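Please model the complete structure; the sequences and the hints are all you need to start from.
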Amino acid sequence: MTTSTAATTTVLKSLNGAMHAMMEADERVLLIGEDLLDPYGGAFKVARGLSERFPERVLTTPISEAGFVGVAAGMAMRGMRPIVEIMFGDFLMLAADQLLNHISKYRWMYNDQVHVPLVIRAPMGARRGYGPTHSQSVEKHILGMPGLHVVAPSVLHDAGALLRAAVLDDLSPVVFVENKLMYARRQMSAEGGRIGDLFARATSERYPTTTVSWEPFDRADVTLVAYGGMVELALEAAETLFFEDELVVEVVAPSSLQPLDLAPILDSLKRSGKLVVCEEGTAGAGFGAEVISRVSAEGFSLLKSAPKRVAARDYPIANTRSLEDMILPQVADLVRSCRSG
Amino acid sequence: MSQPVERGDIANPRARFERDGRPLRTKLFEQMMLIRRFEERLLELFGEGELFGTTHCYIGQEADAVGVINHLQDGDIIFSNHRCHGHFLVYGDRPELLMAELMGRVTGVVGGRGGSQHICFENFYTNGIQGGFMPTVTGMALAEKMKGSGNIAVAFIGDGTLGQGVLYEALNMASLWSVPLLVVVENNRWAQSTPVERELAGDMVARGRAFGIDAGEIDSTDAEELFGHFGDIIAKVRNEQRPHFEVIHTYRLCHHSKSDDMRPEEEIERFRKDEPLIGARAWLDEDEARAIEARIEARVEAAVRWSREQPFPTPRHLDERVARPAPMAFEASASDAGEGA
Chain W
1 MTTSTAATTT VLKSLNGAMH AMMEADERVL LIGEDLLDPY GGAFKVARGL SERFPERVLT
61 TPISEAGFVG VAAGMAMRGM RPIVEIMFGD FLMLAADQLL NHISKYRWMY NDQVHVPLVI
121 RAPMGARRGY GPTHSQSVEK HILGMPGLHV VAPSVLHDAG ALLRAAVLDD LSPVVFVENK
181 LMYARRQMSA EGGRIGDLFA RATSERYPTT TVSWEPFDRA DVTLVAYGGM VELALEAAET
241 LFFEDELVVE VVAPSSLQPL DLAPILDSLK RSGKLVVCEE GTAGAGFGAE VISRVSAEGF
301 SLLKSAPKRV AARDYPIANT RSLEDMILPQ VADLVRSCRS G
Chain U
1 MSQPVERGDI ANPRARFERD GRPLRTKLFE QMMLIRRFEE RLLELFGEGE LFGTTHCYIG
61 QEADAVGVIN HLQDGDIIFS NHRCHGHFLV YGDRPELLMA ELMGRVTGVV GGRGGSQHIC
121 FENFYTNGIQ GGFMPTVTGM ALAEKMKGSG NIAVAFIGDG TLGQGVLYEA LNMASLWSVP
181 LLVVVENNRW AQSTPVEREL AGDMVARGRA FGIDAGEIDS TDAEELFGHF GDIIAKVRNE
241 QRPHFEVIHT YRLCHHSKSD DMRPEEEIER FRKDEPLIGA RAWLDEDEAR AIEARIEARV
301 EAAVRWSREQ PFPTPRHLDE RVARPAPMAF EASASDAGEG A
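If you read the sequences in order, they're chains W and U. Here full-length UniProt numbering is used: the first residue of the first sequence is 1, the next is one more, and so on. Here full-length UniProt numbering is used: the first residue of the second sequence is 1, the next is one more, and so on.
Hint data in this document are derived by calculation from the structure and do not stem from the laboratory. Some hints could be false.
What the hints assert, rightly or not - BS3-like cross-link-like pairs, simulated, lysine-lysine; straight-line CA separation at most 30 angstroms:
no.: 1; chain 1: U; residue 1: Lys273; chain 2: U; residue 2: Lys147
no.: 2; chain 1: W; residue 1: Lys270; chain 2: W; residue 2: Lys180
no.: 3; chain 1: W; residue 1: Lys180; chain 2: W; residue 2: Lys308
no.: 4; chain 1: W; residue 1: Lys45; chain 2: U; residue 2: Lys147
no.: 5; chain 1: U; residue 1: Lys145; chain 2: W; residue 2: Lys45
To be verified - Not close to chain W: a few residues of chain U, all C-beta gaps over 12 angstroms, as computed:
no.: 6; residue: Leu24
no.: 7; residue: Glu48
no.: 8; residue: Ala143
no.: 9; residue: Glu144
no.: 10; residue: Asp222
no.: 11; residue: Gly228
no.: 12; residue: Arg281
no.: 13; residue: Ala289
no.: 14; residue: His317
From a predicted model like this one, the values you see are computed outputs, not experimental measurements. Note that the Cβ used here is the ideal one computed from N, Cα and C, for glycine as well.
Next comes the structure, spelled out in structure tokens:
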């Protein structure tokens, strides 16, 4: 996997290729989680081919999320670079104590004598009919833990490159949020300031924020902030609004939810003055609440209208398609929020 | 403190113990006496309002720490719990660092960030969540095995922790992956204010055996007996690179934390007859015992005096770590006095 193919490959191939390349090049890298062994290769096949090539460094585990997340933390503290695969992101909460009282605290409470360079990959999201405990986007529950980084690739990022950065360059523990529907999508990366017909720019951070627009960043009507799987819906809504309403919507897609780089959001708001934040999880105490709070504090004068958030309704996620659609945020919800004053 | 810390045997209790040429019983008594007097002094300081928060004393269990930890060598790992003073003092032999930590000073073991429940000193760690660190220490031992270092890990837990589910996730994986981990269960018969018969069903030792782990038990407060017992066990864990689960039946003579003791006085009195210090003192002639007691008294007082002079953390210490102070000059002379006597 090289960066030249990053723009044409699927998210799944990008992640799988990054793990193959890292394990090939670096003996410290290992993968630990449930049902990882070939030919199965993990529930979403992101681990495919790894156990055959690196049998000593792919540890398939018992059904013990707290246990193997903690084991990986211990290995990270002794010089390894473990990647944990959580089968469904919902199960991350089984390891909530490990995140809250152990992994995120070790470095600081031990007076900077240790690091926990651990990456926990967690497939999140719905729209596949998996029902209330296999469809959630639970990342908002782990935002706000000091010491923990939360990274979420979207189709506007090179997912494999983000994973490499998290595993090899980031000494903090990282929860790496992967949207399940996104695995089959093709990555779009910016070249020469363009993604296809769109105008695009990306920050140069370790985990970049990508912003796209239908105009060359000279004017905008709405700043639509989205991450992970919602980025695709945001792009669809922005396209509809451009052609049907002649509204210019800038889609701002951060790949790091924590820490969150507010600069690209504020930069877009200088042009638009109107903020809409979306997320696939429920709204309460969530990502949108954090973005709107920080924008209000750090860029209040940029806002020309009340900020809006689009999120799931306050129900568990239903199994049947009709109810699932009613509960989850849809493209039409984004279009409506962007249109309204 | 300007002189650099000598690495030497800082993380090698076995080498320090072997270099001290005095008889085994003399050395064991002196180490236990340090733990006992350190904690008695700690409780006095609490009473006088010099310490902040809470503390969990080890009084009555000193023979466990000296019986196990004197067999551990450079690179071996200890993960201990809220009741860690005894373990730390045998491992690190730096009472002034622990005293400063308990007094909240910036030159404490972790700069005042952790208190004694959350410390890290070389390869010695503690955390205050019962059983929560068991996956971490299992992962540490697994990493050492994968690296082929020959190092082992020791986890200290209590009878109360046998109620935590994540312990069993860790034991399962330790057995599956043949991890060089010794789990020492110090059954002091009380989980805070709850007697063991009201918190534990079934058999303690069987809980290790259920996972196919070698397991045993010893009912003793005799430091020499425990030292011999664990010498064999630790050699086996190291040589055979697989886990072991060992229960020590002991007794906590002091309260759980500050002033929360509701236990029947007659029970405490019954166990006081078998407490480890009385038996060990009787091994020595009176003059030798008194000389040791005087030296320990001076060491503990020096630790208190030094700690009182240390500064409290300031805002810059939120992000900045203070280098570990060299051993006090007094400490060096105290250990010289022990050598080759």
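To see whether the hints hold, each was checked on the structure:
no. : hint                : result
1   : U:Lys273 - U:Lys147 : violated (46 angstroms)
2   : W:Lys270 - W:Lys180 : violated (34 angstroms)
3   : W:Lys180 - W:Lys308 : holds (26 angstroms)
4   : W:Lys45 - U:Lys147  : holds (28 angstroms)
5   : U:Lys145 - W:Lys45  : holds (29 angstroms)
6   : Leu24               : holds (32 angstroms)
7   : Glu48               : holds (27 angstroms)
8   : Ala143              : violated (4 angstroms)
9   : Glu144              : violated (6 angstroms)
10  : Asp222              : holds (33 angstroms)
11  : Gly228              : holds (30 angstroms)
12  : Arg281              : holds (36 angstroms)
13  : Ala289              : holds (37 angstroms)
14  : His317              : violated (9 angstroms)
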